[in-house]
Amino acid sequence: MRDAFVRALMRQAKEDSRLVLITGDLGFGVLKPFWETYPNQFINAGIAEQAMTGMAAGLSRTGRTVITYSIGNFPTMRCLEQIRNDCAYHDANVKIVCVGGGFVYGSLGMSHHATEDIAVLRALPGVTVFAPGDPAEVEAVVPKMLSVPGVCYLRLGRGGEPMLHQEPVENWKMPEALVLRKGTDVAILSTGGILTQAVSAGEMLEKNGISAEIISFPCVKPIDRRTIEGLCSRFAHLVTVEEHTIVGGFGSAVCEVVAELGTGTRVHRIGMEDIYSTVVGTQQYLRSNYHMNDRAICDRTMAWLKA
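Just so you know, we're using numbering that gives the first Met the number 0 here: the sequence shown kicks off at 0 and counts up by one.
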């Protein structure tokens, strides 16, 4: 996902000299092509995320589109006051990019587990939230994000995520959800890099005689209400999957829409319960530990359908 982000960003920087990327003293391996090609559009703010965000707000007032970039919780939770007061309140043209959403940096412990960011950024008025599920979605989202006025948040994985879409995601219209697999028994809705687990769970369910429709939501705010409404007309059960707390996140956004529709469709949320992650390990180990890997998605979905 990181490489896809940089590729897409470089294409946009070639067309717009007002685009500026600010890093919080990291990501140099993946960002090197950008700063070597566009040195006048790159700033290293150092390990000072609050200052980085304030700088971005100021630069945006000069007519620039400014991207802040850091890992996990650093460009979001650490500088939330600056995002709210300096950027969002003034509708600044600042795009916040987090690399390492969820448990990507699982071995570094709770401080690096980004599991509340979607809920927090989604709560800020006027902030648009993106969480693409694979590199193809990243390349579709980046140009759209840069064209959206005001503050946007882009939540990425890390590197090495597989391409799940068989073809490039072309002409994507925000906030359109993307169907990866058609089904008839249950719909599994996913956002972000955990889409790999949703797709794999769909294959497991098929082996158990259950036809699951798999839908990716690259945009969480605004959310694709039309797709959710269509799913409610076809399915009695929707399962939401996110590498994030179920409190205020993607599943909550889906529940808000379904509750207002009043169709009676059941929504089952898979993600972190209302707890902090106290375990360290690989991303996949933590997904398993907190019951959001492909096997857990499959088993829990089967249990809900039987109930």
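Hints in this document: simulated from the structure, not taken from any laboratory.
Among these hints, one or two may not hold up.
Label-pair ranges, simulated between beta-carbon atoms [claimed, not checked]:
#	residue 1	residue 2	range
1	Asn170	Arg6	12 to 20 Å
2	Cys254	Trp34	23 to 31 Å
3	Leu25	Glu259	36 to 44 Å
4	Ser106	Asn170	34 to 42 Å
5	Glu259	Lys181	19 to 27 Å
6	Asn43	Glu259	41 to 49 Å
7	Pro221	Tyr284	27 to 35 Å
8	Met173	Arg233	17 to 25 Å
9	Phe41	Ala122	26 to 34 Å
10	Lys172	His89	36 to 44 Å
Within a straight-line C-alpha distance of at most 20 Å, the following computed SDA-like cross-link-like pairs (lysine to any residue) qualify [said to hold, decoys possible]:
#	residue 1	residue 2
11	Lys220	Tyr88
12	Lys206	Tyr88
13	Lys181	Thr226
14	Lys143	Ala295
15	Lys13	Ile46
16	Lys181	Lys143
Quick reminder that beta carbons are idealized off the backbone N, C-alpha and C, glycines included.
Tested hints:
For the pair Asn170 and Arg6, the supplied restraint of 12 to 20 Å holds, since their beta-carbon distance comes to about 18 Å. Between Cys254 and Trp34 the beta carbons are some 42 Å apart, a value that contradicts the proposed interval 23 to 31 Å. Between Leu25 and Glu259 the C-beta distance comes to about 41 Å, which sits within the given range of 36 to 44 Å. With their beta carbons about 39 Å apart, Ser106 and Asn170 fall inside the hinted range of 34 to 42 Å.
Here the CB-CB span from Glu259 to Lys181 is close to 26 Å, well matched to the stated 19 to 27 Å. One distance hint, 41 to 49 Å for the beta-carbon pair Asn43 and Glu259, holds here, with the actual separation near 45 Å. Judged by the Cβ atoms, the range 27 to 35 Å given for Pro221 and Tyr284 holds: they are separated by roughly 34 Å. With their beta carbons about 23 Å apart, Met173 and Arg233 fall inside the hinted range of 17 to 25 Å.
Evaluation of the 26 to 34 Å hint for Phe41 and Ala122 yields a pass: the beta carbon distance comes to about 31 Å. For the hinted restraint 36 to 44 Å between Lys172 and His89, the CB-CB distance of approximately 28 Å leaves it violated. With a CA separation close to 17 Å, the supplied pair Lys220 and Tyr88 stays within the 20 Å bound. Straight-line distance between C-alpha atoms of Lys206 and Tyr88 comes to about 50 Å, which puts the hinted pair past the 20 Å bound.
Between Lys181 and Thr226 the CA atoms are separated by roughly 13 Å; this keeps the pair inside 20 Å, and the hint holds. Distance check on the hinted pair: Lys143 and Ala295 sit about 34 Å apart at the alpha-carbon level, beyond 20 Å; violated. Of the supplied pair hints, the one linking Lys13 and Ile46 is violated, its CA atoms being roughly 27 Å apart against a limit of 20 Å. At most 20 Å may separate the alpha-carbon atoms for a hinted pair to count; Lys181 and Lys143 exceed this at roughly 26 Å.
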